[in-house]
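Novice: The primary structure of each chain is shown beneath.
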Amino acid sequence: MNWLQQNIALVAELTVIHLAITIAAVFLSLLLAVPIGRLAYRWKWVGGPTVAVLAVLYAVPSLPLLIIVPAVTGTPLRSPLNLVMVLTIYGVAVLVRSVVDGFVAVPVSPRTAATAVGYSGWARFWVVELPLAAPIIIAGLRVVLVSTISLVTIGSIIGIRSLGTFFTDGFQRGIVAEVATGVVVTVTLALLLDQLCAVAARRALPWTVPTERRRRSVPQ
Amino acid sequence: MNLLAEAWAWLTDPASWTDGGIPERIAQHLAVTFVVVVIAAVIALPAGIAVGHRRRGGGWVVATSGAARAIPTLGVLTLFALWLGIGLVAPVLALVLLAIPPLIAGAYAGVAAIDHSIPEAARAIGMSEAQIVGRVEVPLAARTIVGGLRSATLQVIATATLAAYISDTGLGRYIIGGLKSRDYAEMIGGSVLVVALALILDAAFALALRLRIFRTTTSARHHERTAL
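Which chain is which? The protein sequence lines are A and B, in order.
Residue 194 in numbering that gives the first Met the number 0 is what sits at position 195 of the first sequence, and the numbering runs on without skipping anything.
Residue 142 in numbering that gives the first Met the number 0 is what sits at position 143 of the second sequence, and the numbering runs on without skipping anything.
Everything labelled a hint here was simulated from the structure, so no lab data went into it.
Glycine included, every Cβ here is placed at the ideal spot set by N, Cα and C.
Treat the hints with care, since some could be wrong.
[Claimed, not checked] Computed footprint of chain B on chain A; a stretch qualifies when at least three of its residues, placed anywhere within it, have a C-beta under 8 Å from a C-beta of chain B:
#1 4-11
#2 52-60
#3 134-146
#4 172-186
Only chain B is shown next, with the shape it has when bound in the complex (with noise of 0.2 Å):
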């Protein structure tokens, strides 16, 4: 329990929030999150949807993210440290890479949810297959997508203190950092500076998830359990 008292010290000590120190770590890890949220999205979700909007080639999508849960995030970071060197193109490269998979198939779990006589009514009533997509489907998975978004934005979260072992990056340098110089008062205060980022994302995105704009059917609720 002295250990938490010194990591406290540590948090509360005005030296941790001067330039280069905490603000500005906090600031790296969210920017490094978003920047690969961001790119691992623009991948990841439209091929996602399209599987699901085709409805074909579902099981291939759900077999593949659940075969990259077996994949070894701090392998996949140092290996690519290894080929890419020190920087940042080896961790954002990476982590990209390994949300990827979750990515898609939350959306294509969102799409395939929804009931099949939807979009074919849309067709019925003559909208085009980009219509579809864009104006009934895209909507209705709208929850499970964010939902989606919301594991992923976690899972880079975590991935990136991991990438504080191969480059100087965010708050998981203080643990990194802490080990090699055993200060333990600094690796825990970082831990728990990590640990509260991660849980304020999350519940931002469970207040953005009580939006009305993420109504769905009743199916879709249903499957989005089961799905993520």
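Just chain A, with the same shape it has in the complex (with noise of 0.2 Å):
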């Protein structure tokens, strides 16, 4: 506790930077999920490929990745950008079936009685499609969320500023109660976060309640 009240500056900061870092590769991820996820979706040709390459990524260790990115994109190795940029690989890889799978679930009458009353293409994809496939594509957006605030600290070995540094200087000085305060603002700020996803989702999107409720009575 005294470790903490002594470096409460440090933390906050720290927190700041880990948190602008997530939201920038979810972020990222999301808007380079949806239209691949709906390309995939609609046609099936590239949806088989590009679901198994993603998956194949996703099979990545982040720690190699972390050192490989870099070295082909001449990013410096210690810049923020690079771990955005591997955050975001993760982040597609499993958006992109979320979004798959939020497409398919949308209901064809929907769908057709949005053509019947004038919708185009466009119009019907942002204000049916989208909408109605938005439950799931969140749900995954809430995986990514917490696996990202987690996965932000593996920065730190390589150098890069997080709630992760904690670990890193933790360890090198002997001191637990700074790896201890690293881990719990770490679970702390992904449960946060996820449950404010989940709220301001339910809040959004009403119409989640109903998916949830016919998945739990299909009979197992």
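With the hints as a guide, bring both chains together as one complex.
Specialist: Below, the structure written as structure tokens:
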């Protein structure tokens, strides 16, 4: 507790950095995964190989990827941008699948009804299909959010500052309280943002609830 | 791109492949991964199968394994290293702990996805609970359980790389050592080796899953996608 009191400013600073890297990566993942997933859903010949390639990417361990990506792109090793790119790769790998599943789950009737009342393909996508696919996409997004927050800490091994810095610094200086603080703050941050995401989704997408109820009532 | 050429030179340098070099590191990495996955599976699989068989407490299992994703691996590794000292015990213990939640969740999902009527039919023809688990549920869930072992193995390969930060084991040492001595060729070469090892094991699991013993009901196959 003493260590925390003396270093509260540092905890706050690293939390902000940690959050910034997380949000950048998760936002980019979503931005890339929705169009990729939509195309993979639309054209099966794109979808199969895309999902397969992403599954392979997801199997790649994170620390080696943090070393290989800057070697290929020329980004400085210790740049937070390097970390954002790597985390985006994992985020896209998970999210594309959720996006495909989300669009698969959109029933045919609202789609045809939207066409019948005069929606063009583009408008129908934004007004009907995306909102109906959103609950499943957001379920994937929450998985990405939580694992990204935990993965950001790996960057500290190569010197990218985040809450993970408490692990490397605490380990080198032998301060258990510092490492423990890092673990507690990281986990709290992940669970907090996850809940925030869940509450926001429930508010913004009230039609999530029937889907959940339907899933529960499916005989297993 | 020059860095990649240097890494290739390091990888193909016979000196990297001598005693105590790459082959030994690969063997260490595989040994640690194997030991961790086996210990974790011995603990997690029976637990997950039991919860799935009872069909109760599943929500709790899924929630816990979801929350476990939030635990930073590096934090657990360094914490264990500070408590238990430098050596193999700390990383192995930490890796086992981190591998257990997804394994339990996978085994649970596989068994719970089996249609109710199947174990009930087995019960009706006079099978004991142990027989139902052993002869009906585990074979039907085998695909999902092996799928869970696959993701656990990949996770452990990745975390075993991080373990090099706290102990001199496995391929991760090339990355950590290379960072300290600014030897980028060694770092990138080591990274490529870890990635290759992970992808080869992943492919081996993919091939194994094509074996006919992993026949499964369609409902189980469907649930496996959503669960993992």
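Novice: Under the constraints set out in the numbered hints, which ones does this structure not fulfil?
Specialist: Those not satisfied come down to hint 1.
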